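Chemist: Guided by the hints, dock chain A onto chain R, whose structure is given.
Residues per chain, in single letters:
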Amino acid sequence: MIGPNRIGASPLSRASLLAFRVAGYALVAALFLAPLAWVLASSLRRPGPLYQYASPLSWRLFIPDRPTLANFAHALTSLGMDRALRNTAFVAVTTALAGLVVNSMAGFALAALSFPGKNMVFAAVMVAFMAPFDAIVIPLHRAVSSMGLVNSWAALILPAVGNGMAIFLFRQFYHEYPKEILEAARVDGASWLRLFWQVVLPSSGPALAAAAVLIFMHQWNSLFWPLVAAYSEKYTMAQVIVASQIAVDGTRWASLFATSVLSSIPPMMLFFLLQKHYLRGIGGFGGN
Amino acid sequence: MKRVLSVALTLLILTAVTTALPAVGAGVGAAASAAAATRLEVVWMGWPKDLLDEQLAPFLQANPDIELDIQAVPFNQLFQTLEVRLASSQPPDVFIVDGPLTASYAHRGYLMPLDSLIYEEELAEFFPASVEACKYRGVLYALPYTSSAAGLYFNIDIFNEYGVELPPQKPGDRITWEHVLELARRLTVDSNGDGQPEVWGLLIEQSDRPYQLLPLAESLGARPLSPDGSTSEGFVNSEAFIKAARFYGDLFNAEKVSPVGILDAPVVREYFGSGKAAMMLGAEWNISRLAEFEGFNFGLSAHPAFEGGRAVTPTGGWHVGISSRIPSDKLDAALHFARYMTSREASAAWARLFGNAPARRDAYEALPDLFSNYMWEVLLYDMEHTASPRPVTPAYLEFEARLKDAFNAIQFGADPTEALNEAARLIDRELARYR
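The listed protein sequences correspond, in order, to chains R and A. Quick note on numbering: the working numbering labels position 26 of the first sequence as 42, and the sequence is numbered without any gaps. Quick note on numbering: the working numbering labels position 190 of the second sequence as 295, and the sequence is numbered without any gaps.
Bound conformation, chain A alone:
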């Protein structure tokens, strides 16, 4: 026993010593080389590091006097991490901002106002809706990094196999939700009769997230909050909102055309990409993601709307913000970095590397080989004509969490009226704190 223990202890000590030396050494080396350069601490989304390195390489090459400490935070930990970091005495110099959280961060004084630092003409190429989403009470607090859109993806082989006509594939030409349900009923296939369909009719990529579900309610004329953003009672539980939520809940329960409980977007995508569903309501990045499935034959139709309702599509994206407490000698470098990340080149590079929609028009012109196909044209049309940003409120984080809980409950069979009444009560309690 003693021998094993002493071997284990020796191993532990050896590992500690051999790992400590390079680690500490690296620290000293980095500190020495940083002396001459401006070092920017950047909190960023934990996108694949190799792709991020590729996107940043031109900036680092052109700016040897700026050193970047990119702190890539995994998506599931990002918002919690930012809450702690931004409230601490050492916030990051630059950080990625989820569009609808701009108001929340600006309200709490975390973001540097950019009105006097960014020229009006620098914003000319961005989509107006993206610039608007960077403002809080009329003041610009961030720069748009990406935008987004969503549409109805369909599996061409499944449609053909069951002799069902494909949905339209032209910009602005959309089918109704009632029609989608009809198609989903026909294409939910349980061939062995075990009650578990081999093919589902419809998947929703972010199946309980307000980002993808709010447009259903908005298509029926509902809005989640009062126009001044101060109350949700009578809005998030309005008749129209409840009707949309009932339609959503029925997909999973009464109609059983969508699988209950697959909440993780990447898993939903795997289901669709491996031929286990006929349709998927999904965001623009799926054009790139679904192409990674070998031999997968898919198409895209514009985001559906309700019969007699209006066409509303989700949008919003990531922004780049600068800390209000950045040391003054770092501000120029931070602005330079924010300008680079939101430039035509960097936006186009990120679209090519990862497939997110750029927030500026000229980035689309920069990559004709990527964007000149009908799917991007369908999404671009909606981004310019039907996109509806999420509500602007400093309590967005809490609003989203409560509404997500409600959608989740409805998916698992809760009564939509009860779930949304409860959501309204909880959201109004959170909103009251910001009055």
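For reference, chain R alone in the conformation it holds in the complex:
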């Protein structure tokens, strides 16, 4: 909305408006970054009081006086974070790879094919991804258990491969795919599968990136499901170790912050690597 007095605004007032906006953005960015900076600073601090510099707020909250990496070493060597990070990377990457294949094909089928009950299937997918996990954990556990998969890698990976959000994302993406290309390929005698693998998938970069990040993050952050579905010590996942640092009778803040930082690095790296494509993929959402 442009007010009448803005039309003839002088360069000076435009510059000050710009400065004002930049300052506003900087403030919002600082508000979002401050807790992260605090977590990082706390993870580098020796174990001790958490609130010493928090109230009243001091700049020293964000700059540790004698920074140390000891909390990270302790987390990796004595708290089992090394194995948990390996386990979580294995589970998240495997699920993401399998998930890309399954969900892209499902999304393509829902967007490009005509078959009876298509809308019903799509509705079921939407309901499945909107249902809160707490509501389905017991039946899901029973299903996994009846397949004899409890306490295995499969129990961690398989239930997360099909992802309603990713299917929705692919469906929206393929909805906009030029129909002429598909028809031309079909006329030339290509099977649907070949068409999908050789024509459609190679040009699905943004959707693949967005879905990979979604599925990876979902698995990386899983906490309750691993506790009930793959509970042996050898399957311990990263978030379980992070959450274990909090207890009513003793929270180890230094370990909590160090494990939190360690467990944030891989998803952050993945996100930054795929950020551009991810945003384009997610941006395709509102399309049609």
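It should be emphasised that the hints constitute simulated quantities derived from the structure, not laboratory data.
What follows is a set of in silico ranges between Cβ atoms, one per label pair, in the way DEER data are often shown:
| # | chain 1 | residue 1 | chain 2 | residue 2 | range |
| --- | --- | --- | --- | --- | --- |
| 1 | A | SER296 | R | LEU239 | 39 to 49 Å |
| 2 | A | SER296 | R | PHE78 | 19 to 29 Å |
| 3 | R | VAL153 | A | VAL294 | 46 to 56 Å |
| 4 | A | LEU472 | R | ALA45 | 49 to 59 Å |
| 5 | A | LEU472 | R | ALA42 | 52 to 62 Å |
| 6 | A | ARG290 | R | ALA42 | 37 to 47 Å |
| 7 | R | LEU73 | A | VAL365 | 17 to 27 Å |
Covered stretches of chain A, going by a simulated chain R footprint (3 or more residues, C-beta under 8 Å):
| # | region |
| --- | --- |
| 8 | 173-183 |
| 9 | 456-463 |
The structure displayed is predicted, hence computed values, not measured ones. For each residue, glycine too, the CB sits at the ideal point set by N, CA and C.
Modeler: Quick look at chain A alone, frame taken from chain R:
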């Protein structure tokens, strides 16, 4: 764009392959070595893994034929996890039991009765109240791992700075809640007048949990449930209970000597340990936790009671239970493990490592350097004389959740009568399911 994507994809695949190989390899190796040993699946509290490893080391060394799969579950997920695991077809062999949930698990048939497996004389060293808490309808279902107690911690420097006399520091010598309020009024300090005190008078460590709040009501003669545990109407909303709840709510609202909404016990402890409050009602583990604050000068007074009321203090702890569905060839190993964890040595070791109160007398004798100070003497006196266990009911989980909601609402300003009437209605509905 394609280049970035192909780099990302290659990275993903490489990570998957490099992480999969050791992971799968480890699985095979573990399976091979497990063939000879009895493997016990143990669901345990997610206490610091390094400390737990230290406590378990002597057991593993002495029992090479037993392999432990310790599944440490974070406190905030523990009860939910146990609900799913115990109801499933593959429950853990051994699991940690929060004392008041013994009845609930026993009622649903999750726990192995131990009467014919544990000798009477093995229980002699445990506090009778701890053994009693392991029973349901007269049958022993678990072994006591820890006990607990609470008292009034105070910041000596704050008391001295404002010239206020310190509370008594002798076993059994307690001040009244009315006196605590008086002290809290004097020691709530808002020096810059911004309406946000720099020092609060009183903190409650578990500020909406029945564990720490029931003794207030019990001090006035109230009890949360009928003696047979079947009804809460007329008990949890009795006149005495409401009076105690009003006192509690006033601390946060009318009197403003306690901060509203700090519900997380570890955060409350940080507040107290960094000098932002004069007093804290807290459990025994704070003797160890508060010592971790450099230069923090604190003392402990016995748990307060109301003027003219009786001295009542919280207790109860963790138990070790064995699954009723444990395969028979694992039972001996499970019993051996449960005996070890509740032994004099392991109880004392855990007290030394983490500061929880042992549930057996001889563990205190085992560590004179830790326990022979006045703070532990104050708490031990109360554990033997004034401790009141939480009510025994198979609906404890639901009872606790509803009562916690009520305390929470009262802390945020709800009327105690209304909140407790509502709690009584909801608790009785849950209790009816178990009749």
